[in-house]
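As given, the protein sequences belong to chains A and B, one line each in that order.
Residue 230 in the working numbering sits at position 230 of the first sequence; the count goes up by one each step and never skips.
Residue 514 in the working numbering sits at position 514 of the second sequence; the count goes up by one each step and never skips.
Note that these hints are calculated values from the structure, not bench results.
Note that the coordinates shown come from a computational prediction; the quantities given were computed from them, not determined experimentally.
Certain hints may be false.
[Unchecked claim] Incomplete in silico selection of chain B near chain A, CB under 8 Å: (1) H82; (2) H191; (3) V193; (4) P196; (5) A375; (6) G530.
Cβ atoms here follow ideal geometry from the backbone N, Cα and C, with glycine treated the same way.
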Amino acid sequence: MLKPFPFSAIVGQEDMKKALLMAAVEPLLGGVLIFGDRGTGKSTAVRALAALLPAIETREGCRYNCLPDTPQGACPACSAPGASRTSAVVQKPAPMVDLPLGATEDRVCGALDIETALISGEKRFEPGLLAAANRGFLYVDEVNLLEDHLVDLLLDAAASGVNVVEREGISIRHAARFVLVGSGNPEEGDLRPQLLDRFGLAVDIRTLDNLQQRIDVIRRRDAYETDPEAFALSWARKEAAVRKRVVTARALLRAVTISDMILSRLSQLCMRLGIDGMRGELTLMRAARAAAALEGRESVTWADIEAIAPMVLCHRLRRDPLDDAGSAPRIERALAALDASQNKVPAQTVNAAKAYAHG
Amino acid sequence: MDDVGASERFQEAIEASGAERWHDALLAAAVLSVGRGALGGLWLTARAGGVRDAFVDHLIAGFGNAVSTRRLPPGAGSDALHGRLDLAATARTGRRVEEEGLLSAVTAGLMIVPMAERLEPGTAATLAEAMEPRRFVVLALDEAAEADEAPPCVLTDRLALHVSLDGIPLSATRAALPAGLTMTGKQRDWHAVGLPNRLLEQMLSLAFAAGHGSARAHLHLFAVARILAMLAGRRQVRPEDAVGALRLCLGIRLLSAEPPSQTPSKSDPEASQPPHKQPPGPSSGEPTPEEAEAAHTPPPPAPPDALSRLEAAVSAGAIDGLSLLVSERAARQAKQAGKAGAEMRKARRGRPYATGTTPPFTDQRPDLLATLRAAAPFQRLRRCAIAASLAGGEGGQATPQIRKEDFRYHRRRHAAPSTAIFVVDASGSTALDRLGETKGAIEQLLARCYVRRDEVALIAFRAEGADLLLPPTRSLVAAKRRLAALPGGGPTPLAAGLKTGLELALSVRRRGHTPIVVVLTDGAGNVALGGEADRALAARQADDIARRYRAEGLKTICVDIARRPRPAVAALAEELGADLHVLRAAAASGLSGLVETAMTGGRP
Numbered sequence: 001m002l003k004p005f006p007f008s009a010i011v012g013q014e015d016m017k018k019a020l021l022m023a024a025v026e027p028l029l030g031g032v033l034i035f036g037d038r039g040t041g042k043s044t045a046v047r048a049l050a051a052l053l054p055a056i057e058t059r060e061g062c063r064y065n066c067l068p069d070t071p072q073g074a075c076p077a078c079s080a081p082g083a084s085r086t087s088a089v090v091q092k093p094a095p096m097v098d099l100p101l102g103a104t105e106d107r108v109c110g111a112l113d114i115e116t117a118l119i120s121g122e123k124r125f126e127p128g129l130l131a132a133a134n135r136g137f138l139y140v141d142e143v144n145l146l147e148d149h150l151v152d153l154l155l156d157a158a159a160s161g162v163n164v165v166e167r168e169g170i171s172i173r174h175a176a177r178f179v180l181v182g183s184g185n186p187e188e189g190d191l192r193p194q195l196l197d198r199f200g201l202a203v204d205i206r207t208l209d210n211l212q213q214r215i216d217v218i219r220r221r222d223a224y225e226t227d228p229e230a231f232a233l234s235w236a237r238k239e240a241a242v243r244k245r246v247v248t249a250r251a252l253l254r255a256v257t258i259s260d261m262i263l264s265r266l267s268q269l270c271m272r273l274g275i276d277g278m279r280g281e282l283t284l285m286r287a288a289r290a291a292a293a294l295e296g297r298e299s300v301t302w303a304d305i306e307a308i309a310p311m312v313l314c315h316r317l318r319r320d321p322l323d324d325a326g327s328a329p330r331i332e333r334a335l336a337a338l339d340a341s342q343n344k345v346p347a348q349t350v351n352a353a354k355a356y357a358h359g
Numbered sequence: 001m002d003d004v005g006a007s008e009r010f011q012e013a014i015e016a017s018g019a020e021r022w023h024d025a026l027l028a029a030a031v032l033s034v035g036r037g038a039l040g041g042l043w044l045t046a047r048a049g050g051v052r053d054a055f056v057d058h059l060i061a062g063f064g065n066a067v068s069t070r071r072l073p074p075g076a077g078s079d080a081l082h083g084r085l086d087l088a089a090t091a092r093t094g095r096r097v098e099e100e101g102l103l104s105a106v107t108a109g110l111m112i113v114p115m116a117e118r119l120e121p122g123t124a125a126t127l128a129e130a131m132e133p134r135r136f137v138v139l140a141l142d143e144a145a146e147a148d149e150a151p152p153c154v155l156t157d158r159l160a161l162h163v164s165l166d167g168i169p170l171s172a173t174r175a176a177l178p179a180g181l182t183m184t185g186k187q188r189d190w191h192a193v194g195l196p197n198r199l200l201e202q203m204l205s206l207a208f209a210a211g212h213g214s215a216r217a218h219l220h221l222f223a224v225a226r227i228l229a230m231l232a233g234r235r236q237v238r239p240e241d242a243v244g245a246l247r248l249c250l251g252i253r254l255l256s257a258e259p260p261s262q263t264p265s266k267s268d269p270e271a272s273q274p275p276h277k278q279p280p281g282p283s284s285g286e287p288t289p290e291e292a293e294a295a296h297t298p299p300p301p302a303p304p305d306a307l308s309r310l311e312a313a314v315s316a317g318a319i320d321g322l323s324l325l326v327s328e329r330a331a332r333q334a335k336q337a338g339k340a341g342a343e344m345r346k347a348r349r350g351r352p353y354a355t356g357t358t359p360p361f362t363d364q365r366p367d368l369l370a371t372l373r374a375a376a377p378f379q380r381l382r383r384c385a386i387a388a389s390l391a392g393g394e395g396g397q398a399t400p401q402i403r404k405e406d407f408r409y410h411r412r413r414h415a416a417p418s419t420a421i422f423v424v425d426a427s428g429s430t431a432l433d434r435l436g437e438t439k440g441a442i443e444q445l446l447a448r449c450y451v452r453r454d455e456v457a458l459i460a461f462r463a464e465g466a467d468l469l470l471p472p473t474r475s476l477v478a479a480k481r482r483l484a485a486l487p488g489g490g491p492t493p494l495a496a497g498l499k500t501g502l503e504l505a506l507s508v509r510r511r512g513h514t515p516i517v518v519v520l521t522d523g524a525g526n527v528a529l530g531g532e533a534d535r536a537l538a539a540r541q542a543d544d545i546a547r548r549y550r551a552e553g554l555k556t557i558c559v560d561i562a563r564r565p566r567p568a569v570a571a572l573a574e575e576l577g578a579d580l581h582v583l584r585a586a587a588a589s590g591l592s593g594l595v596e597t598a599m600t601g602g603r604p
């Protein structure tokens, strides 16, 4: 297996890197969608990230990536009836599962094990890609070309964290907590808005237009292709720094607080933009926590929100055919408008709170 | 005898250009056989024929016999690519036996993709995904005839080299590469060849100027330049290698060969170029010999400052690569201006694209083969179950046990047909001529578009309102009968015409067709929706309705039929979000050609 390209050696594309790191810190964000031109390093970044993350612990022979302490009923290796638990706890790299476009539903969810069915006439469940991706990443390149029913299935599993199979006389459920990463080129077809909405973060990436950066890309890539091992070694220290940041942020995440003031402004922002449903606000809140944790802070500031608002909200805006400007400027405008009214709003809230306290 | 001399020179020019192009093609093949997986592959634009066969044979021979070569069958689905369970063998041997998929068969080999321009995007993406880990080389045979036909860019982006064999006579293919440039056992590692930063900068900015922003394209350039230097026996990349890489990868070449002393100066680019930019004369389709020769003369044998000259040429806008952006290697595929009808799924006819477990509509017949395939693995289980329920009765019947959940159905899709809706201004003095032209255009369209099952409708507005003169039809006879007596003259109720057109377009869309609205008018309306002669109100109403066209995302063409172009029509086109055309002396054929381009998907 070839060593993947180091995450920290990727030139530019800060938005994409930040979104991926945030998703790695907070898996409940609900996946990352990366839309952009060809050859901008989408797949490179995702593969690099999985290699960078700390290893996970599980039992030997477990195909569902169970936590050693809480075995799942579906897993024969971790909870074999009657047998004493002999299989040892092992470390394995964070799973990074590639979903090929041609995958069938059987392959994704798991299905009856045909081999045992044919040979011994026995019903046994063969886990699919969702089980393999548990506690890791599931990457779909060209997600906009994937058949709709498969996308539905993936998003459902990603949101609920559980895969339920009820078919061919098999009834099974197992954990499928993974970060879904989809990438694609919008010129080849769009995603339905219903699906768009279910991705937590969406980033648009463009080709680098700085000549020096482009040359860096070429030089680094060439050095990597000539000797992957040596290249990885020379970036090992920076990789370790990023890994440490993610590990620290994960530990810090639950302790990060958001003040009520920021929460109320956050709701105002979503209202101003006319975003349907609560998912935008919830994701914005979670993403803000993850962003603050990545910075090593224990409280969310408004600057965090401003920085991540485009990637959380862009794809949730209703498209307005009469407005030619993209959705990012609309969010900036809404933020600016909110800032303008900021001076009044807190005063009112404070007054109202005072009145309430006195009354 | 001027003619004879001219045609001889013409012949010579063609031969010279053919030889040069063939040399490039051979060079590309040599580069590919060195670079292999690092280059992804080669995109070959050529019609099937002797020249292409000669080139493909040469390429395969260059790879050596040890390399497995596979040909992608047309219409190959994902199971052909990935492989699937071989049921017969599994049942026979009692072990899981997988049929080998094409992708695993071709590992580190050569995959030939015929008719690449017809490749489904999904298949192309599957192929592209497998290219990197499996290190195989793709040879995409592109037989595109139209400018907007091309292999999916998910694939072409990963192919470093682009060779076009157009214009190479069969006689040219006897030539071989000079011995120095072929691989004669001096294989050295091309990764060790150096490339100075300044050259790299120039190369990248050239590629970027030509619109190639993909990092993959840049990496390919970097690799090809070094391979070229290695083939020429150098340890450092020189400008001529960089120029060669730009030519082989992106098709960027100088249009005409000036002697090195006359480098094109920025101040005077037009003077050196005009002969090539002029379109050929309207009557004689053939270019004059001088033009042909200048355009076909091979690029100079790369003097040392060739790269700087290319750069200067880019800034002067006189480089072939920039026009080749459209013809030879498009940097990005333009969004289709006209839609050839959106894809319609759950269709009753069309190409099957998948099998599903639920019937797409009620009386769909099952796909027998897929159903049997789905049922086959469970036969032993089911027989056991039956045997158990019969308490040890005869369990081994040979009849297949097929259950409800085994049934599989074909899913089909086809392109939804288009409907062209003509909204024609039948008012005023020019109306009669215009109506005649429109009638002619409609009849021509109907005569041609039956094959695609496209439809045509006509709305005319005059006097107080708009009438649907021809409801959507594909019957030529019905159209002729209804169009025979078409009244004209009177004021212009533009708003009413647009409103009727919008209603019809939306109802056409609800029926699953793709509407294309063609508005023919010569100015602003002067009658409001209610029929009152209020110019201001009429203009406001027309604007409101026109904006709804844009909001609904309707494909609209606006044709100015006034004697001289009017700003009012341009403003209307702006509001409609329409393409504006001016037809001063619209012949019926011109109009129908315009609409047909929109219907078949090209840029009108």
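Okay, the hints, checked on the actual structure:
1. H82: 5 Å, holds
2. H191: Hint holds; H191(B) Cβ to chain A Cβ min 5 Å, cut 8 Å.
3. V193: 11 Å, violated
4. P196: 11 Å, violated
5. A375: 11 Å, violated
6. G530: 26 Å, violated
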